[in-house]
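Protein chains in written order, with my numbering: chain A, 1 to 279; chain B, 1 to 278; chain C, 1 to 284.
What the hints contain is simulated information worked out from the structure, not anything from laboratory work. Careful, some of the hints might be misleading.
To be verified - The list that follows gives simulated cross-link-like pairs (lysine to aspartate or glutamate, EDC-like), each with its CA atoms no further than 20 Å apart:
#1 B:K18 with C:D136
#2 B:K170 with A:E68
#3 B:K245 with B:D59
#4 A:K81 with B:E38
To be verified - A few chain B residues facing chain C, derived, Cβ under 8 Å:
#5 L11
#6 D13
#7 W16
#8 P47
Note that the coordinates shown come from a computational prediction; the quantities given were computed from them, not determined experimentally. By construction, the Cβ of each residue, glycine as well, lies at the ideal position given by its N, Cα and C atoms.
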Amino acid sequence: MSGAQPRPQAANVPFKAPPPIFHARCAACWIVLAVIGLTVASFASLDLQWAKFFSVEAMQRMGRFLGELVSPSTDPKFIAKLATASLETLAMSAVGTLIAAIFGLLLALPASRGHAGDRALMRAPTRLLLNALRSIPELVWAALLIISAGLGPFAGTLALAMHTTGVLGRLFAEAIENAPPAPGFALRAQGVSDGSVFLYATLPQIVPQLVSYTLYRWENNIRAAAVLGVVGAGGLGQMLMFHMGLFQMSETSSILIAMLMLVALVDFGSYMLRRSLAR
Amino acid sequence: MTPAALTSPQLRDPAWTKRVFWVCAGAVLLAPLLVATEFKPWTLLAPDSVKVTLRFLGDFLPPRLDAEFLAMVAREAWRTVAIATAGTALALLLAIPLTLGSTAALSVSALSGRMGTAPFVLRQAVRWLLIVLRSVPELVWALVFVRVVGLGPTAGVLAIALTYSGMLGKVYGEILESGETQASTALLRNGSQRLQAFLYGLLPTNAPELTSYTVYRWECAIRSSAVLGFVGAGGLGQQMDMSMKMFNGSEVSTMLLAFIFLVWLADLASAALRRALG
Amino acid sequence: MNSDERPAPGMRIELDSLSARHPAASTGAPAALRAASLTVAPGEQVAVIGPSGAGKTTLLHALACALRPASGTLRLDTIDPWSLPVRELQRLRGRLFLAPQTPPLPPRQRVVTSILAARLPRLSLWRSLRALVYPDDIAGAYQALTRFDLADKLWDRVDRLSGGERQRVGLARALMAPASLWLVDEPLSALDPTRSRQAIDTLTQAARERGATLVASLHQTDVATRFARVIGLREGTVAFDLPGHEVTRPRLAQLYAQHEHELVATAPEPAAPLPVPSVATVCR
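Turn these sequences into a full structure, and let the hints guide you.
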């Protein structure tokens, strides 16, 4: 008997089963599991009052609120107060953002590495400061600053300024670090000091970005300014707390409409300014 | 070069008048704004204000570090994270149908050219709903819900869920529309249903971006839920509010540090998650 | 030295076996400049030619004290700049002027400010800030631009100029700088033959008027051979160092061996100004 014939090759590659859904070695699987675990634990540990929310009493109250909300108050004296509060809120957001842009730029200088060989000794501590400033939300800043500045829009303006300085400072520092290095290199080759290099080489290149970030942040700050009054920092928020506390829902509705209009106005204004400066 | 040419008008900066004008206009615009915000920085230096501030700041150090208090802070910090996670989860649940209803990438009528009028109107209506959900500040929702359900985390979770569903819905729609729609269009053309086209066509292509944005929103939710605590929605914010009202600087200091630490952790976790799942 | 005095004429350069690496080069790669030795007398005008990769830019950057030499010595006016304390080195740098190949002009800046920026080594921070608000030496900037036939562009923004105009603005800055050493890298790459001629004539004439030492790297060998002295670089070493009229075609062919296409092609255009990046997403 001669040697067995070699087995003919199959025409198709052997079929492979798909990998199992959960694989002990796959990092992403564990992460998904952890996320699901976190979500379930969150729902379980919170004392969520679904029963209370869906109870007849709560639904009735919601219904009443909604009913009053769709009929905003148009009393002229109230509208006048609303207009003043809107102006106050607008002013808070504008002045706060402006102060933040100035201080943000001042802090961005030590917080950035001007060029590849720059030792930038103050970079780490300044970045830490900026992170601390922006980690604390505007409302918390407002609550803290009311202790020093008293109730009213001044505390709100300062609160916006403190938080936004942290945000803009970091963004400005990144813009400085990402600026094209060629103009600065040529000036530094001539022995020009760092301050002058910043003024004549870096700043002209990043001004459009700085303005864009500031205007973009103004859009965010008008939303924040509108609600800072909840802790007593003036503006529409303070009126809102007052009327909501008295369950005057139709006045509340007018205040909400004013808030939405103000936000839309600032969004539009910021967009138009950004477009006109981009030309 | 004649001396006359050196002093010719073209050697005066033509932009100077315009710049001076804009600076003056800016100053004129700024003055009423400063008045409206009662901008009086010198009041910060008034003696009684300075006294109160210094006392409060003085209390900051040392921060309160006894075991019982730290345990409470840890509990409240977990609550803040839980409120944020639950809120984001609910927002996701709400956002998915809203996204499917608003995105033009799943439009069957648009396959053959223009979108039909009725589908277009429906999509616009859903988009407007998303805009309304997004535009009302979550604090306002929280205030309303606190009056309906009472103080506690439910109000916070619901407020975050509603506002964030608007934000998630809008960005999901944009991601789906700006991504590659070839796969889903091909499926729709061959007669599959919209949900199938989404699950088999759009979702796999855009999953990294969608998850990335969701994780980023979760991180923002943690900050939001701390803020919502100030109106009674539970968590670290509520405790901070109570301590501040009692001028207890050392407690506020601990809680601020805990909050900054929490935000930093969430930032790290979010970056790692986005890297791993992206 | 009084800040209003004219700069002392002509810097003297002495290179002794200088080796330098390109800053972005990997550690294993050969040095861009290898044991280069040369001496340039004060007020001399030297053209540096060679194929791409020969080390022309590295040489100019090393002379500008922008690159620390890996070995060998550099002496400017008999002083080793790298042995000086930082403040003295900065002052020495103020006496030289480097014009990189891509004009280092911020796109949104006006030409007048870009030109006047060349005088910054002499200005204090306060004066430079004031000059930003209102330019101080407009007449000087006007004269510098007129010599390069750009007088009408005085108030224009840099990004509204063509590539060739930007390059000439970069050269005009040399006329404003308080420098006794001019280091010019590929000054004619974006200019057509007529303008090239005008520009290089203006540059050399202005350098002669001040007595400044001029070292220019050129791709245009026909322009280079009109210089009093031509240095040919190849693979980081000095291949020849001759008067311009002694640089013959066979010598050029030997220098550009395996890079013959560069003898006829022009150098690449300077890059256009970069677009503004879009806004990043930020959390509330």
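Against the structure, the hints come out as follows:
no.: 1; hint: B:K18 with C:D136; in the structure: 18 Å, holds
no.: 2; hint: B:K170 with A:E68; in the structure: 29 Å, violated
no.: 3; hint: B:K245 with B:D59; in the structure: 14 Å, holds
no.: 4; hint: A:K81 with B:E38; in the structure: 16 Å, holds
no.: 5; hint: L11; in the structure: 5 Å, holds
no.: 6; hint: D13; in the structure: 6 Å, holds
no.: 7; hint: W16; in the structure: 6 Å, holds
no.: 8; hint: P47; in the structure: 36 Å, violated
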